[in-house]
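Number of protein chains: 2
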Amino acid sequence: MKKKDMNKQTIIQDAVAEIILAEGAVSVSTTKVAKLAHIAQSNVYLYFKDKQALLDSVYQRERNRIINTTDIAELRNHDIDIETRIRYYIEQVYDYSLANPDSMNLIQQIKFLMGEDDGLVINDSPNNIVHELLQEAIDNQVIKKLPINLHMGMVFSTIHQHTNNIGDQQYPESEYKFEDIYQFIWDAMRIH
Amino acid sequence: MKKKDMNKQTIIQDAVAEIILAEGAVSVSTTKVAKLAHIAQSNVYLYFKDKQALLDSVYQRERNRIINTTDIAELRNHDIDIETRIRYYIEQVYDYSLANPDSMNLIQQIKFLMGEDDGLVINDSPNNIVHELLQEAIDNQVIKKLPINLHMGMVFSTIHQHTNNIGDQQYPESEYKFEDIYQFIWDAMRIH
Chain A
1 MKKKDMNKQT IIQDAVAEII LAEGAVSVST TKVAKLAHIA QSNVYLYFKD
51 KQALLDSVYQ RERNRIINTT DIAELRNHDI DIETRIRYYI EQVYDYSLAN
101 PDSMNLIQQI KFLMGEDDGL VINDSPNNIV HELLQEAIDN QVIKKLPINL
151 HMGMVFSTIH QHTNNIGDQQ YPESEYKFED IYQFIWDAMR IH
Chain B
1 MKKKDMNKQT IIQDAVAEII LAEGAVSVST TKVAKLAHIA QSNVYLYFKD
51 KQALLDSVYQ RERNRIINTT DIAELRNHDI DIETRIRYYI EQVYDYSLAN
101 PDSMNLIQQI KFLMGEDDGL VINDSPNNIV HELLQEAIDN QVIKKLPINL
151 HMGMVFSTIH QHTNNIGDQQ YPESEYKFED IYQFIWDAMR IH
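Chains as they are written, first to last, in the UniProt record's numbering: chain A, 1 to 192; chain B, 1 to 192.
If we strip away everything but chain A, and leave its shape as in the complex, we get (with noise of 0.2 Å):
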């Protein structure tokens, strides 16, 4: 049997970003990929069993850069006190969004294949710990009582479309300050 090589998996996950990036994730093949990795297709199968694990490794991947680059730990830090914490929650995801455009678009392109409440999302800790946040928001009357998902689906995507919007030039980072972006989501979310 075939030895598995780490770097070959890392190989074969650039090759399914690159294809997600330019045509979508349903576009993802183990023929496309292999052909893209210069790797056999039946040595693709060595490292993910089909197409769905290989967007799940993706998609977990892209998940833990997050985890790695932000500190998710402070959003479970009860000396600071919500608002601030869920301040800092958005301003993570502002910022890992801007640095890491392709990221986010990678990250909705697998979401949106798998549907938004797929277990894969609902499962993973980052989003666990935002849930949990979130949740004891509501409890204490500090965000409007609505589905924890239009909170989280809001915070996300106005994100992701300014930073689409920057990437397509529509506007220069500049032109927005971070705070102009917070306000009209935490305009949203909060309780007046």
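Be careful, since some hints might not be right.
Below 20 Å or equal to it, Euclidean Cα-Cα: the simulated EDC-like pairs (lysine to aspartate or glutamate) are [said to hold, decoys possible]:
#1 A:K145 <-> B:D180
#2 B:K144 <-> A:E173
#3 A:K145 <-> B:E18
#4 B:K111 <-> B:E18
Hint data in this document are derived by calculation from the structure and do not stem from the laboratory.
Following the hints, put chain B in place on chain A, whose structure we already have.
Relative to chain A, chain B alone:
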């Protein structure tokens, strides 16, 4: 030359819509459409020159449904104050989305495939009227000075997520009133 048959055109559009809802817009091919519509593939080309034309036509059909079921002209009626007109716009998207969740999914799928900022979206007339309305509201300092696609995207994605939640039976329609959803959206948009 074969004579065009409007009934057949509708059958083809229905087949396209069925494929999009089941498998996503990327999966549409003239081969699949011909099979589902029980007509020869050459016949599909009699009505639509390519896949792009097929998707455009289904997108346009859904947009026309929105126009026909909503009172777009009222949005331009300057006898009505601007806040009321924006509320009316949000209410129309809400009512349409609850009554036609599949239609919203079709529009989202096709938009997603084409890219949000495609000419397809920007050049259609209901969007132009909404664009005009929101620009007027920005100029009059009624809503925040932010890209109009952030305002419109928020309205669309919040309502769409909410109707999808209902469709997925996460909660019954009665759990949240229009007023709850409206307040979330309007608080984000307006200047406080």
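Here's how the hints hold up against the structure:
1. A:K145 <-> B:D180: holds (9 Å)
2. B:K144 <-> A:E173: holds (18 Å)
3. A:K145 <-> B:E18: Judged against 20 Å, a Cα distance of about 35 Å means the pair is violated.
4. B:K111 <-> B:E18: Status holds; Cα separation ~16 Å.
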